[in-house]
Amino acid sequence: MTAGTAGARARAIRRDLQIIADMIEPGSRVLDIGCGDGELLYHLVNFKDVDARGIELSQDGVNACVVRGLSVIQGDADTDLEDYPPGAFDYAVLSQTLQATRAPRDLLGQLLRIATRVVVSFTNFGQMGTRWRLVWEGRMPVIGGPAERWYDTANIHLCTIRDFQELCQDLEVVVERAVSLDRGGRVSAIGKIGPFANLRSRQGIFLLRREDSAAP
Amino acid sequence: MPGTHVRLATDEPLLLDCGVALGPVTVAYRTYGALNADRSNAILVCHALTGDQFVAEPHPVTGKPGWWDLLVGPGKVLDTDRYHVVCANVLGGCMGTTGPMDINPETGEPYGLDFPVITISDMVQVQALLLDHLGIDQLFCVIGGSMGGMQVLEWAARFPERVFAAVPIAAAARHSSQNIAFNEVGRQAIMADPDWCQGEYLRHGKVPTRGLAVARMAAHITYLSDSALHRKFGRRLQGRDALSFGFDADFQVESYLRHQGITFVERFDANSYLYITRAMDYFDIAAEHGGALSKAFADTPVRFCLFSFTSDWLFPTVESRAVVKALNAAAANVSFVEVKTDKGHDAFLLDEPEFATTLRGFLDGAGKHRGLGEG
Numbered sequence: 007m008t009a010g011t012a013g014a015r016a017r018a019i020r021r022d023l024q025i026i027a028d029m030i031e032p033g034s035r036v037l038d039i040g041c042g043d044g045e046l047l048y049h050l051v052n053f054k055d056v057d058a059r060g061i062e063l064s065q066d067g068v069n070a071c072v073v074r075g076l077s078v079i080q081g082d083a084d085t086d087l088e089d090y091p092p093g094a095f096d097y098a099v100l101s102q103t104l105q106a107t108r109a110p111r112d113l114l115g116q117l118l119r120i121a122t123r124v125v126v127s128f129t130n131f132g133q134m135g136t137r138w139r140l141v142w143e144g145r146m147p148v149i150g151g152p153a154e155r156w157y158d159t160a161n162i163h164l165c166t167i168r169d170f171q172e173l174c175q176d177l178e179v180v181v182e183r184a185v186s187l188d189r190g191g192r193v194s195a196i197g198k199i200g201p202f203a204n205l206r207s208r209q210g211i212f213l214l215r216r217e218d219s220a221a222p
Numbered sequence: 012m013p014g015t016h017v018r019l020a021t022d023e024p025l026l027l028d029c030g031v032a033l034g035p036v037t038v039a040y041r042t043y044g045a046l047n048a049d050r051s052n053a054i055l056v057c058h059a060l061t062g063d064q065f066v067a068e069p070h071p072v073t074g075k076p077g078w079w080d081l082l083v084g085p086g087k088v089l090d091t092d093r094y095h096v097v098c099a100n101v102l103g104g105c106m107g108t109t110g111p112m113d114i115n116p117e118t119g120e121p122y123g124l125d126f127p128v129i130t131i132s133d134m135v136q137v138q139a140l141l142l143d144h145l146g147i148d149q150l151f152c153v154i155g156g157s158m159g160g161m162q163v164l165e166w167a168a169r170f171p172e173r174v175f176a177a178v179p180i181a182a183a184a185r186h187s188s189q190n191i192a193f194n195e196v197g198r199q200a201i202m203a204d205p206d207w208c209q210g211e212y213l214r215h216g217k218v219p220t221r222g223l224a225v226a227r228m229a230a231h232i233t234y235l236s237d238s239a240l241h242r243k244f245g246r247r248l249q250g251r252d253a254l255s256f257g258f259d260a261d262f263q264v265e266s267y268l269r270h271q272g273i274t275f276v277e278r279f280d281a282n283s284y285l286y287i288t289r290a291m292d293y294f295d296i297a298a299e300h301g302g303a304l305s306k307a308f309a310d311t312p313v314r315f316c317l318f319s320f321t322s323d324w325l326f327p328t329v330e331s332r333a334v335v336k337a338l339n340a341a342a343a344n345v346s347f348v349e350v351k352t353d354k355g356h357d358a359f360l361l362d363e364p365e366f367a368t369t370l371r372g373f374l375d376g377a378g379k380h381r382g383l384g385e386g
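Chain order of the listed sequences is G and S.
Residues 7 to 222 in my numbering are what the first sequence lists, from first letter to last.
Residues 12 to 386 in my numbering are what the second sequence lists, from first letter to last.
The set of hints was computed from the structure by calculation and includes no laboratory data.
We put the CB at the ideal spot given by N, CA and C, even for glycine.
Careful: at least some of the hints might be erroneous.
In silico contact screen, one side only, chain S against chain G (beta carbon under 7 Å); selected entries [what the hints assert, rightly or not]:
| hint | residue |
| --- | --- |
| 1 | Phe347 |
| 2 | Glu349 |
| 3 | Gly376 |
Simulated DEER-style distance windows between Cβ atoms [stated by the list, open to error]:
| hint | chain 1 | residue 1 | chain 2 | residue 2 | range |
| --- | --- | --- | --- | --- | --- |
| 4 | S | Pro312 | G | Glu88 | 19 to 27 Å |
| 5 | S | Thr73 | G | His163 | 57 to 65 Å |
| 6 | G | Arg192 | S | Ser187 | 52 to 60 Å |
| 7 | S | Ala192 | G | Glu88 | 50 to 58 Å |
| 8 | S | His300 | G | Arg111 | 30 to 38 Å |
| 9 | S | Ser188 | G | Ile162 | 52 to 60 Å |
| 10 | S | Pro312 | G | Met29 | 39 to 47 Å |
| 11 | G | Thr159 | S | His241 | 32 to 40 Å |
List time: in silico DSBU-like cross-link candidates among lysine-lysine, alpha-carbon distance up to 35 Å [unchecked claim]:
| hint | chain 1 | residue 1 | chain 2 | residue 2 |
| --- | --- | --- | --- | --- |
| 12 | S | Lys243 | S | Lys306 |
| 13 | S | Lys217 | G | Lys54 |
| 14 | S | Lys75 | S | Lys87 |
| 15 | S | Lys243 | S | Lys75 |
| 16 | S | Lys351 | S | Lys243 |
| 17 | S | Lys243 | G | Lys54 |
| 18 | S | Lys87 | S | Lys351 |
| 19 | S | Lys87 | S | Lys336 |
| 20 | S | Lys75 | G | Lys54 |
| 21 | S | Lys75 | S | Lys217 |
| 22 | S | Lys75 | S | Lys351 |
| 23 | S | Lys336 | G | Lys54 |
| 24 | S | Lys87 | G | Lys54 |
| 25 | S | Lys217 | S | Lys87 |
| 26 | S | Lys336 | S | Lys306 |
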């Protein structure tokens with residue numbers, strides 16, 4: 007495949023990744039934290055001409071990314087972001103990673119330091135299904151599929167959309183966009199949280215900006 | 012010595028880090044694959060301590076395949092149908108580039124210890140002169156393992172505008188205390204050999220083969236790993252059924268090391284070994300930049316890909332990670348891959364499929380950005 011030619015046809019990527027990709031300006035500098043095998047980065051490099059970098063905890067993920075020609079290092083989101091200088095990126099992306107970090111609040115602070123804008127996507131534990139599992143079945147909700155157990159999940163800091171909005175207020179960040187993705191893959195904007203948005207949404211995807219950074 | 016030779020620094024001598032002006036300097040090198048029309052497809056391969064310019068062809072002394080034959084050649088990872096691969100014997104070497112074996116024009120005798128002490132930076136300076144001679148302004152990639160990786164880092168720090176992509180493999184931004192210690196053992200072994208003659212063995216028609224062989228044996232252990240040695244030799248006996256209760260090479264591992272030592276002295280010069288190990292010891296990029304490694308790479312345009320190997324205890328992963336940390340602080344474009352293997356430091360010279368595929372992926376990606384087309 008050749009970058010930027012008419013022959014390059016965007017392959018379908020995961021729905022939530024597509025929503026994130028749509029939030030990112032072409033030609034910008036992007037750091038994807040917890041980039042997995044590089045699905046989002048590959049899309050951004052080839053179809054949005056982005057200067058893309060990644061950090062991934064698993065060495066297998068890193069190797070898969072480098073094989074695809076992506077610039078990715080093995081590293082830990084909780085500890086390795088402090089190496090980067092302030093404002094090094096236009097966007098930092100934290101896709102389905104927040105809940106697996108040891109200190110999500112500190113991490114968000116780091117992301118807002120090294121990037122002008124931060125995109126965060128996370129599983130909403132306020133959704134109906136998880137409430138049902140806890141209230142009616144009396145069991146802890148898990149999000150990693152049926153094989154996942156509470157004692158071996160990587161997801162240790164769980165939040166709801168309402169929780170996350172509160173954190174954004176605490177950190178005094180501007181929420182430029184917030185959308186939710188429901189079970190059927192439908193996307194809706196999250197405004198002032200209504201009682202139903204938190205129940206319906208499977209995932210929240212937020213585009214954040216530091217209060218002191220310039221608006222577009 | 013077969014291969015190509017060129018005399019450089021003829022008009023103006025080379026100013027070495029030690030303060031000595033050296034020139035002219037002969038450089039022995041080999042190239043593989045054609046340079047393209049816009050001279051953008053050159054890859055400089057930097058060899059390790061005991062390597063040389065014979066990367067991808069039989070060695071003229073030993074007859075063995077080139078030291079990176081696995082990776083360099085038509086259709087291989089460093090594809091010579093696609094890239095113009097250049098490799099030169101380092102300054103201070105003994106395969107044709109100016110070194111302590113050569114005749115000192117001032118005395119008419121071999122330099123011996125009159126040869127100036129050289130550094131990794133001096134080696135890189137000579138390579139830059141060679142590229143000027145070859146008409147290559149910018150390398151597509153500079154790549155090398157071990158001491159070759161040190162040269163790669165020096166290239167990126169010193170001539171960032173001449174390097175598009177840099178691949179330091181199993182390397183470090185400075186030589187560790189442990190590694191200086193190992194080098195010192197090797198040097199002492201050479202200097203303790205009476206045939207070394209205070210470095211003037213060539214004048215006396217002697218060669219300190221025993222000292223150099225011991226140096227090689229000690230170093231060779233550091234290139235492997237405990238588990239690789241055990242897998243290869245275990246405690247198996249060599250050509251006998253029972254212990255000899257003497258000091259013959261009872262064990263296969265002893266016999267193997269002795270063989271490594273003996274074959275090495277056929278192709279390597281003892282004084283070169285002293286000088287090149289010294290250059291590694293002196294290497295410390297951060298020290299040249301006020302103690303901060305990230306300053307060495309400030310605003311670098313170079314795309315980096317670092318490799319380390321899990322069982323490498325000579326240049327362990329933590330050394331590569333320190334470089335990655337500094338490159339992140341410089342907001343550089345960097346990839347870092349740690350390859351799982353039990354083959355130790357030498358893994359970069361061996362058949363490591365994961366290493367080969369990720370390196371190919373990186374070169375393809377970088378090639379796309381450099382406009383080199385498809386691989």
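Pair hint S:Lys75 and S:Lys87, alpha-carbon separation not exceeding 35 Å
Roughly 19 Å between the alpha carbons, so the hint for S:Lys75 and S:Lys87 holds.
Holds or violated: S:Lys87 to S:Lys336, with C-alpha atoms at most 35 Å apart
Holds: S:Lys87 and S:Lys336 sit about 31 Å apart, inside 35 Å.
Would the hint linking S:Lys243 and S:Lys75 be met if the CA-CA limit is 35 Å?
21 Å, holds
Quickly compare the C-alpha distance for S:Lys243 and G:Lys54 to 35 Å and report which way the hint goes.
With Cα atoms ~50 Å apart, S:Lys243 and G:Lys54 exceed 35 Å; violated.
Interface restraint verdict for S:Gly376 against chain G (beta-carbon cut-off 7 Å)
2 Å, holds
Any CB of chain G closer than 7 Å to the CB of S:Phe347?
Cβ of S:Phe347 sits 4 Å from chain G, so the hint holds.
Compare the distance between the alpha carbons of S:Lys87 and G:Lys54 with 35 Å, and conclude whether the hinted pair is satisfied.
Roughly 31 Å between the alpha carbons, so the hint for S:Lys87 and G:Lys54 holds.
Within 19 to 27 Å: is that where the Cβ-Cβ distance between S:Pro312 and G:Glu88 falls?
Hint holds: Cβ distance 24 Å, inside 19 to 27 Å.
Could one say that the CB atoms of S:Thr73 and G:His163 fall in the range 57 to 65 Å?
At roughly 59 Å between Cβ atoms, G:His163 and S:Thr73 fall inside 57 to 65 Å, so the hint holds.
Hint S:Glu349 vs chain G: min CB-CB distance below 7 Å?
6 Å, holds
50 to 58 Å was suggested as the range; check whether the CB atoms of S:Ala192 and G:Glu88 agree with it.
33 Å, violated
Given the proposed pairing of S:Lys336 with S:Lys306, does the C-alpha separation stay at or below 35 Å?
It holds: about 12 Å lies between the C-alpha atoms, which stays within 35 Å.
Of the numbered hints listed earlier, those contradicted by the structure are 7, 9, 10, 12, 13, 17, 20, 25.
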